[in-house]
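Model the full assembly from the supplied sequences, consistent with the hints where possible.
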Amino acid sequence: MKSSFDIIIIGAGVTGSAIARELSRFDCSVLVLEKDEDLCTGTSKANSGIVHAGYDAKPGTLKAKMNIRGNELMPTLCQELDIPFKQIGSLVVCTDEANRDGIDDLYARGITNEVPGMKILSAEEVKAIEPNISDDIVCALYAPTAGVICPFRLNIAMAECAAQNGVDFKFDSPVTGISKAGAKWIIETSSDSYECSVVVNAAGCHSDELHNLVSDKKYHITPRRGDYMLLDRSVEGYVKHIIFPQPTAMGKGILVTPTVHGNTIVGPTAVDIENKDEAPVTADGLVKVQEGSAKNIKGLPLKQVITGFSGLRAHEDGGEFILKEAEDCPGFFDCVGIESPGLTACPAIGEYMAAMIAEMLSLKQKETWNGICKDVIKPFELSSEDREKLIKDQPEYGRIICRCETITEGEIIDAIRRPLGAKSLDGVKRRTRAGMGRCQGGFCSPRVMDILSRELGVPLDSITKSGGKSKILTGRTKDES
Amino acid sequence: MKAEIVIVGGGPAGLAAAISAAKEDNNLNILILERDSELGGILNQCIHNGFGLHTFNEELTGPEYAARFEAQLDDLGIHYMLDTMVLDVASSVVTAVNSKEGVFTVECGAIVLCMGCRERPRGALNIPGLRPAGVFTAGTAQRLVNIEGYMPGKEVVILGSGDIGLIMARRMTLEGAKVKAVCELMTYSGGLKRNIVQCLDDFDIPLLLSHTVVDIKGKERVTSVVIAEVDERSKPIPGTEQEITCDTLLLSCGLIPENELSRSAGVKINPATNGPVVNESFETSIPGVFACGNVLHVHDLVDYVSEESGRAGRSAARFVKASKAEESPVINIKNGNGVRYTVPSFVRVNELEDDLVIRFRSGNVYKDNYISVLFDGETKLHRRKPIITPGEMEQVILKKADLANAPSEILIEITEI
Numbered sequence: 001m002k003s004s005f006d007i008i009i010i011g012a013g014v015t016g017s018a019i020a021r022e023l024s025r026f027d028c029s030v031l032v033l034e035k036d037e038d039l040c041t042g043t044s045k046a047n048s049g050i051v052h053a054g055y056d057a058k059p060g061t062l063k064a065k066m067n068i069r070g071n072e073l074m075p076t077l078c079q080e081l082d083i084p085f086k087q088i089g090s091l092v093v094c095t096d097e098a099n100r101d102g103i104d105d106l107y108a109r110g111i112t113n114e115v116p117g118m119k120i121l122s123a124e125e126v127k128a129i130e131p132n133i134s135d136d137i138v139c140a141l142y143a144p145t146a147g148v149i150c151p152f153r154l155n156i157a158m159a160e161c162a163a164q165n166g167v168d169f170k171f172d173s174p175v176t177g178i179s180k181a182g183a184k185w186i187i188e189t190s191s192d193s194y195e196c197s198v199v200v201n202a203a204g205c206h207s208d209e210l211h212n213l214v215s216d217k218k219y220h221i222t223p224r225r226g227d228y229m230l231l232d233r234s235v236e237g238y239v240k241h242i243i244f245p246q247p248t249a250m251g252k253g254i255l256v257t258p259t260v261h262g263n264t265i266v267g268p269t270a271v272d273i274e275n276k277d278e279a280p281v282t283a284d285g286l287v288k289v290q291e292g293s294a295k296n297i298k299g300l301p302l303k304q305v306i307t308g309f310s311g312l313r314a315h316e317d318g319g320e321f322i323l324k325e326a327e328d329c330p331g332f333f334d335c336v337g338i339e340s341p342g343l344t345a346c347p348a349i350g351e352y353m354a355a356m357i358a359e360m361l362s363l364k365q366k367e368t369w370n371g372i373c374k375d376v377i378k379p380f381e382l383s384s385e386d387r388e389k390l391i392k393d394q395p396e397y398g399r400i401i402c403r404c405e406t407i408t409e410g411e412i413i414d415a416i417r418r419p420l421g422a423k424s425l426d427g428v429k430r431r432t433r434a435g436m437g438r439c440q441g442g443f444c445s446p447r448v449m450d451i452l453s454r455e456l457g458v459p460l461d462s463i464t465k466s467g468g469k470s471k472i473l474t475g476r477t478k479d480e481s
Numbered sequence: 001m002k003a004e005i006v007i008v009g010g011g012p013a014g015l016a017a018a019i020s021a022a023k024e025d026n027n028l029n030i031l032i033l034e035r036d037s038e039l040g041g042i043l044n045q046c047i048h049n050g051f052g053l054h055t056f057n058e059e060l061t062g063p064e065y066a067a068r069f070e071a072q073l074d075d076l077g078i079h080y081m082l083d084t085m086v087l088d089v090a091s092s093v094v095t096a097v098n099s100k101e102g103v104f105t106v107e108c109g110a111i112v113l114c115m116g117c118r119e120r121p122r123g124a125l126n127i128p129g130l131r132p133a134g135v136f137t138a139g140t141a142q143r144l145v146n147i148e149g150y151m152p153g154k155e156v157v158i159l160g161s162g163d164i165g166l167i168m169a170r171r172m173t174l175e176g177a178k179v180k181a182v183c184e185l186m187t188y189s190g191g192l193k194r195n196i197v198q199c200l201d202d203f204d205i206p207l208l209l210s211h212t213v214v215d216i217k218g219k220e221r222v223t224s225v226v227i228a229e230v231d232e233r234s235k236p237i238p239g240t241e242q243e244i245t246c247d248t249l250l251l252s253c254g255l256i257p258e259n260e261l262s263r264s265a266g267v268k269i270n271p272a273t274n275g276p277v278v279n280e281s282f283e284t285s286i287p288g289v290f291a292c293g294n295v296l297h298v299h300d301l302v303d304y305v306s307e308e309s310g311r312a313g314r315s316a317a318r319f320v321k322a323s324k325a326e327e328s329p330v331i332n333i334k335n336g337n338g339v340r341y342t343v344p345s346f347v348r349v350n351e352l353e354d355d356l357v358i359r360f361r362s363g364n365v366y367k368d369n370y371i372s373v374l375f376d377g378e379t380k381l382h383r384r385k386p387i388i389t390p391g392e393m394e395q396v397i398l399k400k401a402d403l404a405n406a407p408s409e410i411l412i413e414i415t416e417i
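These protein sequences, in sequence, are chains E and G. Using our numbering, the final residue of the first sequence is 481, and nothing's skipped along the way. Using our numbering, the final residue of the second sequence is 417, and nothing's skipped along the way.
Since the hints were made in silico from the structure, they are not lab data. Be aware that one or more of the hints could be misleading.
[Said to hold, decoys possible] Away from chain E, derived, C-beta distances all over 10 Å, residues of chain G: (1) Y150; (2) N337; (3) L381.
[To be verified] Sample of chain E residues facing chain G (criterion: CB under 10 Å; computed from the structure): (4) R69; (5) L230; (6) T307; (7) I391; (8) Q394; (9) P395; (10) C404; (11) F443; (12) S466; (13) S470.
Just so we're clear, the structure is a prediction, and the values are computed from it rather than from any experiment. Don't be surprised by glycine CBs; every beta carbon is placed ideally from N, CA and C.
Shown next, in the form of structure tokens:
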């Protein structure tokens with residue numbers, strides 16, 4: 001790979017990938033450096049998967065602006081990139097008469113932010129659309145433009161689209177140093193050195209460290225951990241909207257919502273921690289998740305949990321998105337403090353940052369640019385006619401590997417072979433959902449490992465869960481060695 | 001496609017059901033649909049011996065046991081399709097997919113559900129900690145070792161003392177791994193006594209009762225787990241934590257019958273077993289849909305699976321021939337003290353082919369107690385048992401003749417001396 005680029009983006013999460021896709025419209029060379037083995041491995045992989053309506057952010061802030069614009073862009077983006085997205089609407093529920101004002105305030109804030117279609121619903125109206133809502137329901141703020149999205153596909157699709165339009169990606173490349181050499185920036189990674197005119201810092205929880213390497217105006221990010229529980233699809237329909245409690249200083253609180261794939265997700269907690277690379281689920285957190293959901297929803301069958309996970313929000317001390325060229329570092333563009341509503345905002349952040357950079361570098365739009373990108377073909381979402389033809393042409397689409405989610409060998413092969421394809425079990429899981437069901441990969445993981453080994457041409461015992469040292473196997477048995 | 005009987009799953013239950021149905025009536029067109037690339041189900045990875053003591057009066061390995069059944073298929077003219085996943089079951093239509101036929105349907109007269117069970121995964125256990133490589137269910141580890149020929153780890157802690165966990169403790173040890181401890185949340189093991197002796201005691205592997213895993217450490221691969229003692233409410237007791245260095249955590253924390261197809265078909269499920277409610281013929285709440293093996297209730301011995309499944313297969317064959325059951329008095333079987341569930345749940349006396357075998361599991365450990373059977377409140381059987389544990393299935397056999405004067409209710413209970 002060449003070592004000189006016009007623009008280097010650090011971080012292949014949703015923010016970096018959104019900016020990469022937007023920059024790929026322009027005539028310039030772009031490299032995305034990612035410290036991990038795959039796209040979507042940090043904050044982007046472990047969150048609520050919510051596209052927020054935008055009533056929550058303080059009017060006039062970038063958080064508000066990017067939320068509203070991101071929400072507007074999302075339906076078209078999801079069509080172009082074949083991303084599962086359902087605009088199911090959200091309810092912020094008030095369960096204490098004393099807090100009714102909070103709902104009015106949120107509504108007023110939403111009006112100022114220009115959130116479309118909001119309504120305050122009475123207790124009866126809420127019960128009519130959410131039969132399992134708490135008996136203490138007082139009223140709720142309904143926002144029809146909120147929705148649920150597959151965060152993995154959003155991230156991966158934007159990156160795939162960027163790649164198909166010429167953006168380079170380099171994985172397993174943690175940035176170890178950034179320095180200035182004349183008009184150019186020099187980026188050192190653990191294995192290589194690159195130069196570029198513009199650096200985009202989209203490093204999530206680590207974005208403060210990268211910024212502080214070059215700028216005298218320091219930022220500080222606190223990783224704010226959130227625990228979640230994911231319930232089996234048998235619970236589908238128990239709640240129909242995204243159900244939020246009333247927000248607090250620590251965030252939007254413990255929500256209960258259907259996911260775009262028909263599971264039910266409950267969480268997150270909000271605990272400030274120190275370690276930016278490890279997000280353990282805690283017993284305390286799981287208790288808080290259960291208690292939190294019980295405040296708003298009656299009798300949620302939490303025994304149907306299929307997994308618990310934890311994610312980190314990149315909370316900057318100022319509590320605002322920082323989206324700008326660092327004042328004392330021309331050509332160094334920050335995306336710092338991208339916490340909620342970051343997933344919603346990412347298409348807007350991509351647009352906003354790309355425009356700034358294009359202006360600075362006087363970039364010209366490409367004559368041809370392909371913004372369309374198809375997901376892995378899912379045979380069970382096709383018409384029966386199309387599916388029969390597909391299986392006839394490619395029999396691997398008739399071979400079920402993941403029983404819980406009905407995922408075929410064809411889908412897994414596609415996920416591995418496509419540009420920026422999967423290299424690990426988690427990579428396959430995020431691209432196809434194989435292993436995401438109720439048995440959590442108990443049946444399919446040895447089979448997915450076989451397919452990975454065959455497709456990548458590597459021995460079975462080099463297959464990892466998520467790259468690096470996360471090998472699944474430690475060697476051969478006595479008979480086989 | 002058409003068949004008289006479709007058997008969903010070609011493991012021990014499906015094989016026995018198919019064979020007995022064919023023996024009942026050799027003209028029946030019987031089709032087994034198996035999702036794996038070979039018949040035999042989980043037996044294929046169970047290379048230890050101990051199978052078949054009741055059925056064949058000898059100790060076979062899992063694959064040997066399966067082979068005894070598979071060898072009969074061709075002679076009996078039983079058809080099977082491999083790599084074929086059933087997607088939907090309705091009362092007389094089964095929908096499935098494979099790479100040759102695509103999605104196809106089979107119209108049939110009777111269906112036998114033999115989907116087996118799956119292991120409870122880490123996520124369903126709410127174990128705190130990180131999510132590195134090195135956490136496996138015991139059955140997945142067994143497949144990796146016995147089928148793939150690879151080791152899932154070198155230093156192992158096992159949570160749960162179900163039989164697969166016990167078997168894997170020995171298997172991993174024989175393959176050179178160090179099994180440091182088996183932790184069991186309950187005050188008793190969920191596995192067979194013989195497995196505790198042969199798989200743990202013989203290898204000096206400690207079984208820590210009333211212990212659980214409270215943390216998993218290691219970002220990429222497991223580096224250690226923290227275990228702790230639990231109180232009588234199964235809550236970890238602060239101050240009892242011990243960190244054990246290891247690269248692997250195996251989970252043997254229960255099996256869940258795979259009833260997603262049954263549920264979507266509308267089959268009534270018993271919440272105690274997570275399997276269908278069945279009568280003496282192993283027929284579910286949907287006429288013509290039968291269930292047997294671990295999809296019905298989790299068994300300790302495969303021999304019992306084969307025996308029950310034989311009965312289910314014969315019942316399916318008779319259903320296809322006669323299609324309408326005659327009227328019969330119904331006896332409900334009730335769970336008394338200490339009895340978690342019974343299979344069957346009720347009996348149609350006129351449909352009994354032979355003596356009635358009622359299988360059940362206890363909800364706790366009972367020493368020197370009695371198993372009692374009461375017909376409408378009157379004690380009919382009172383048998384002393386030195387030990388009754390949830391890990392071992394119990395049974396009572398009632399003579400067909402005794403049931404002729406049909407009581408309306410049979411109560412089974414565990415009573416103190």
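Each hint, compared with the structure:
1. The non-interface label for G/Y150 is inconsistent with chain E: the shortest C-beta to C-beta separation is roughly 4 Å, within 10 Å.
2. Non-interface call for G/N337 relative to chain E: holds, since the shortest CB-CB distance, roughly 25 Å, exceeds 10 Å.
3. No Cβ of chain E comes within 10 Å of the Cβ of G/L381; the nearest lies about 36 Å off, and the non-interface call holds.
4. The interface hint given for E/R69 is violated, since its Cβ lies 34 Å from the closest Cβ of chain G, which is over the 10 Å cut-off.
5. The closest approach between the C-beta of E/L230 and any C-beta of chain G is roughly 7 Å, which is under the 10 Å cut-off, so the hint is satisfied.
6. Taking 10 Å as the C-beta cut-off, the interface hint given for E/T307 holds, the closest approach to chain G being about 3 Å.
7. Interface hint at E/I391: satisfied, since its Cβ lies 4 Å from the closest Cβ of chain G, which is below the 10 Å cut-off.
8. For E/Q394, the interface hint holds, since its Cβ comes within 10 Å of a Cβ in chain G; the closest pair sits about 9 Å apart.
9. Because the closest C-beta pair between E/P395 and chain G is about 4 Å apart, less than 10 Å, the hint holds.
10. Checking E/C404 against chain G by beta carbon gives a least distance of about 8 Å; that is within 10 Å, so the hint holds.
11. Here the hint on E/F443 is kept, as its CB sits about 7 Å from the closest CB of chain G, short of 10 Å.
12. Interface restraint check: E/S466 against chain G, minimum CB-CB distance 7 Å, threshold 10 Å, status holds.
13. Because the smallest distance between the Cβ of E/S470 and any Cβ of chain G comes to about 4 Å, under 10 Å, the interface hint for this residue holds.
When each numbered hint is compared with the structure, violations occur for hints 1 and 4.
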